[in-house]
Amino acid sequence: MNQSKVMEQNQNNIGVLEEHSLGVKPRFKVGDRVQIRNMPYFFYTRSQMWARGVQGSIAALTYPDLVPEDEAFNVDGRVEQYYIVRFRQKDLWPGYPFDNDTIQTESPERWLEPVETK
Amino acid sequence: MSLRTELGHEREIIGTLQPATHSPQNWNYELTGPQYRAYMHPPHDVGGQFDVSIEHEEKEEEQWELNTYVTCEVLAWRGAWTAEERRRRADNDLGYTMYLGMPYYGRWIWSAAKMLVDKKHITITELMDKFVEVKSRYESE
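Taken in order, these protein sequences are the chains called E and V. Mapping of the first sequence onto the numbering used here: residues 1 to 118, in sequence order. Mapping of the second sequence onto the numbering used here: residues 1 to 141, in sequence order.
It should be emphasised that the hints constitute simulated quantities derived from the structure, not laboratory data. Please note that the accuracy of each hint is not assured.
[Stated by the list, open to error] Sample of chain E residues at the chain V side, in silico, Cβ under 10 Å: (1) F28; (2) R37; (3) P40; (4) F42; (5) Y44; (6) L66; (7) P68; (8) Q89; (9) L92; (10) Y96; (11) P97; (12) F98.
All of these numbers come straight from a predicted model, not from anything done at the bench. Every residue gets a Cβ at the ideal spot worked out from N, C-alpha and C, and that includes glycine.
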């Protein structure tokens, strides 16, 4: 990521870039409903199984960066927007006792798909 | 202990590393979709899996662990690999059995050696010869 960009603190206390660099146009905005795609496993991914198929919302846009799957094989040309995605703990773990607890995880754009809200 | 006895013990240990589910032949073509996905699943993605409780332990790094860490970082600094490639090799490519059985920094140094051989920075025969040389030096001390 471009370290010269000015960081600011948003309401979630997460450092986010003031403006987007590297020509990346984010697909999602804060508040959008998304879920983690169930992508095929081919040799390497950092997309976590525990979050796949669970609906959450975009809590923040972090920065554009390399895609880990590509970077792990020394392909460093492609850059994607990263997001902080927020889930309800109750949606993730069966029997979780507290309604208000949430957990946040970071995902590059390619791990996410939009959820149609009715 | 004779070499043959030593190798016999090693073979017994290898026998204990067999996974609970395994095919008696390696030519089975009857993998179901879910079984296939389970085999392809990256070993490091352990979040949400059931496990026994783990006792928290305060333990300082040993010298070989610090040496391993610095070696891997220097290799990255010199452009041999990135942190993500190291994670791919050390947390993923070595497979479930080694992932679950090797020490944390043991996986790091395994992946550094494998990377250097894969990328032809060193040859595997050079590595073997050097290993034997250094081991015999320590044994003679």
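Review point. Which of the numbered hints above does this structure break?
Key: Hints 1, 2, 8, 10, 11 and 12 not satisfied by this model.
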